[in-house]
Amino acid sequence: MRLPLLALLAKEPAHGYELKGQLEQIFGDAYPSLNIGQVYLTLQRLEHAGLVRSQDVVQTARPNKRVYELTPAGRDAVATWVEAPSEAPRIRDDFFMKLALGPLAGVTDRLGLINRQRRHYLSVMRGLSRLAEATAEGNKIPRLLIEGAMMHLQADLDWLQRCQEELV
Amino acid sequence: MTRVGEVPCCDGPASHVLLRSVGLTKVFRTDGGPVHAVRGVDLWLRRGEFVAVMGPSGSGKSTLLHALGGLEPATSGEIWLDGQRVDGFSQARWAVLRRRHIGFVFQFFNLVSNMTAADNVELAALIGGASRRAARARREELFGELELTAQADAVPAQLSGGEQQRVALARALAHRPSLLLTDEPTGNLDSTNSASVLRLLSRSHAAGQAILLVTHDARAASMADRVVSLFDGMIVDDAPLPSVPPPRVTARDVLELRG
Numbered sequence: 165m166r167l168p169l170l171a172l173l174a175k176e177p178a179h180g181y182e183l184k185g186q187l188e189q190i191f192g193d194a195y196p197s198l199n200i201g202q203v204y205l206t207l208q209r210l211e212h213a214g215l216v217r218s219q220d221v222v223q224t225a226r227p228n229k230r231v232y233e234l235t236p237a238g239r240d241a242v243a244t245w246v247e248a249p250s251e252a253p254r255i256r257d258d259f260f261m262k263l264a265l266g267p268l269a270g271v272t273d274r275l276g277l278i279n280r281q282r283r284h285y286l287s288v289m290r291g292l293s294r295l296a297e298a299t300a301e302g303n304k305i306p307r308l309l310i311e312g313a314m315m316h317l318q319a320d321l322d323w324l325q326r327c328q329e330e331l332v
Numbered sequence: 014m015t016r017v018g019e020v021p022c023c024d025g026p027a028s029h030v031l032l033r034s035v036g037l038t039k040v041f042r043t044d045g046g047p048v049h050a051v052r053g054v055d056l057w058l059r060r061g062e063f064v065a066v067m068g069p070s071g072s073g074k075s076t077l078l079h080a081l082g083g084l085e086p087a088t089s090g091e092i093w094l095d096g097q098r099v100d101g102f103s104q105a106r107w108a109v110l111r112r113r114h115i116g117f118v119f120q121f122f123n124l125v126s127n128m129t130a131a132d133n134v135e136l137a138a139l140i141g142g143a144s145r146r147a148a149r150a151r152r153e154e155l156f157g158e159l160e161l162t163a164q165a166d167a168v169p170a171q172l173s174g175g176e177q178q179r180v181a182l183a184r185a186l187a188h189r190p191s192l193l194l195t196d197e198p199t200g201n202l203d204s205t206n207s208a209s210v211l212r213l214l215s216r217s218h219a220a221g222q223a224i225l226l227v228t229h230d231a232r233a234a235s236m237a238d239r240v241v242s243l244f245d246g247m248i249v250d251d252a253p254l255p256s257v258p259p260p261r262v263t264a265r266d267v268l269e270l271r272g
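From first to last, the protein sequence lines are chains A and B. Using the working numbering, you'd call the opening residue of the first sequence number 165 and step up by one each time. Using the working numbering, you'd call the opening residue of the second sequence number 14 and step up by one each time.
Be aware that a few hints might be false.
[To be verified] Quick list of the computed label-pair ranges, beta carbon to beta carbon:
| # | chain 1 | residue 1 | chain 2 | residue 2 | range |
| --- | --- | --- | --- | --- | --- |
| 1 | A | Arg326 | B | Met128 | 17 to 27 Å |
| 2 | A | Ala269 | B | Pro255 | 24 to 34 Å |
| 3 | A | Arg326 | B | Val48 | 44 to 54 Å |
| 4 | A | Lys304 | B | Ser173 | 14 to 24 Å |
| 5 | A | Gly185 | B | Asn127 | 37 to 47 Å |
| 6 | A | Glu301 | B | Ser256 | 19 to 29 Å |
| 7 | A | Lys304 | B | Gln97 | 42 to 52 Å |
| 8 | A | Tyr181 | B | Arg265 | 18 to 28 Å |
| 9 | B | Gly174 | A | Leu275 | 29 to 39 Å |
| 10 | A | Arg256 | B | Gln104 | 48 to 58 Å |
| 11 | B | Ala163 | A | Gln208 | 43 to 53 Å |
| 12 | B | Ser70 | A | Gly185 | 45 to 55 Å |
| 13 | A | Gly276 | B | Val48 | 49 to 59 Å |
| 14 | A | Ala174 | B | Met128 | 18 to 28 Å |
[Claimed, not checked] Which residues of chain B face chain A? A partial, calculated answer using Cβ under 7 Å:
| # | residue |
| --- | --- |
| 15 | Ala147 |
| 16 | Ala231 |
| 17 | Arg239 |
| 18 | Ile248 |
| 19 | Asp250 |
| 20 | Ala252 |
| 21 | Leu254 |
| 22 | Ser256 |
| 23 | Thr263 |
| 24 | Val267 |
| 25 | Gly272 |
If you're looking for bench data, these hints aren't it; they were derived computationally from the structure. No residue lacks a Cβ here, since even glycine has one placed at the ideal position from N, Cα and C.
The whole structure should be built from the sequences, with the hints applied where relevant.
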């Protein structure tokens, strides 16, 4: 979560709750919201690393708030991150391991494994469809994120089918 | 004639079953010998139920759909529609059955190219037995629901793929079929148009339409009440989908954003 927080701070200084709120606004319900404790912990680490600095702002009738801003090093770090190409996604796939190694553990019903996995993927797909329906059309970032998740899931299901063709 | 109720099948009273096949097979005779496309399929669909059939290409899912709609005669086995055994029907009787009771939507819209969108739909209602006035009213109602009113007078070539598929859906529903059979309805559409066709299918199902959908599109299948998986012409899984999806599914269940 370090770089997204730096990216938000590149726009303007903010305190922890504002950063959490901004991320929630950008990604909507498409992505789980951050834990505020995690936000503050990350900000502390960024400060130790010299990428942000903070100062307490006195508020009348409310406790002081700590406002964070980017240091020049932080600004460089964001620019480098944004501009560098990202690695191809590394999908963590526990299921394929089960499928490959299941027989060693005495699980010989690969079709059963595949069927259960397909059911699970389809129910996640159903959840994503509902989420997509509930997300307004103008909300482009969350909609694209959900669409991307659905496309990955479709690829997982296609792969499952290939496994079935070759292994069952 | 025996009633479908005499054959034990799915849970619930037999009168709730709209479509049922028993030991259905389809063999194509080819120069290279017989091809067993469908090998003993027992399938059932309740009234108002939405069932998706998934499977790799060549698994027999389209052949199965065509056999269930009488477009391609089955080699053996039984087909029951609405309590009536129909597998032995002549082509002429099948044609009557389809005009009255079955709607089709295919991947390649199959609209009549020199007729307007409105006429394509009204014709289906007329053939299904509606009066001219009723056909027009039904078409207007469907075009309203499918957001096609502005396209009523266009011919298919003037419409986008998504619009053509919505017209095809209106045509399939024009005669208020008890059963909608559809084969890859999103197969030729981009993501936005797919989503809109799926929303309409889902809405029509919510209004009580029974649907049998053949697809490899997992998003389409995930809208169904049940997903049947076909492999090598046989059913290998028959899974009801939970009516309530797992709570709080987000994109992170599939992909994790880093940074």
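Now the hints, each set against the structure:
1. Arg326(A) x Met128(B): 17 to 27 Å: Given range 17 to 27 Å: violated, Cβ gap about 42 Å.
2. Ala269(A) x Pro255(B): 24 to 34 Å: holds, 28 Å
3. Arg326(A) x Val48(B): 44 to 54 Å: For Arg326(A) and Val48(B) the Cβ distance comes to about 22 Å; the hint is violated.
4. Lys304(A) x Ser173(B): 14 to 24 Å: Because 21 Å falls inside the window, the suggested range holds.
5. Gly185(A) x Asn127(B): 37 to 47 Å: For Asn127(B) against Gly185(A), whose Cβ atoms are near 57 Å apart, the range 37 to 47 Å is violated.
6. Glu301(A) x Ser256(B): 19 to 29 Å: holds, 26 Å
7. Lys304(A) x Gln97(B): 42 to 52 Å: holds, 50 Å
8. Tyr181(A) x Arg265(B): 18 to 28 Å: holds, 22 Å
9. Gly174(B) x Leu275(A): 29 to 39 Å: holds, 36 Å
10. Arg256(A) x Gln104(B): 48 to 58 Å: The hinted range 48 to 58 Å holds for Arg256(A) and Gln104(B), with Cβ atoms some 54 Å apart.
11. Ala163(B) x Gln208(A): 43 to 53 Å: violated, 58 Å
12. Ser70(B) x Gly185(A): 45 to 55 Å: holds, 47 Å
13. Gly276(A) x Val48(B): 49 to 59 Å: Since Gly276(A) and Val48(B) have Cβ atoms about 28 Å apart, the given range 49 to 59 Å is violated.
14. Ala174(A) x Met128(B): 18 to 28 Å: violated, 58 Å
15. Ala147: violated, 33 Å
16. Ala231: holds, 5 Å
17. Arg239: violated, 10 Å
18. Ile248: Given a least distance of 11 Å, the restraint on Ile248(B) is violated.
19. Asp250: holds, 4 Å
20. Ala252: Hint on Ala252(B): holds, closest Cβ of chain A at ~5 Å, below 7 Å.
21. Leu254: Where the cut-off is 7 Å and the nearest Cβ of chain A is about 6 Å from Leu254(B), the hint holds.
22. Ser256: Constraint on Ser256(B) not satisfied, violated at 9 Å.
23. Thr263: For Thr263(B), the interface hint holds, since the closest Cβ of chain A sits about 5 Å away, which is under 7 Å.
24. Val267: holds, 4 Å
25. Gly272: Result: holds, 4 Å to nearest chain A Cβ.
In this structure, the hints that do not hold are numbers 1, 3, 5, 11, 13, 14, 15, 17, 18, 22, in rising order.
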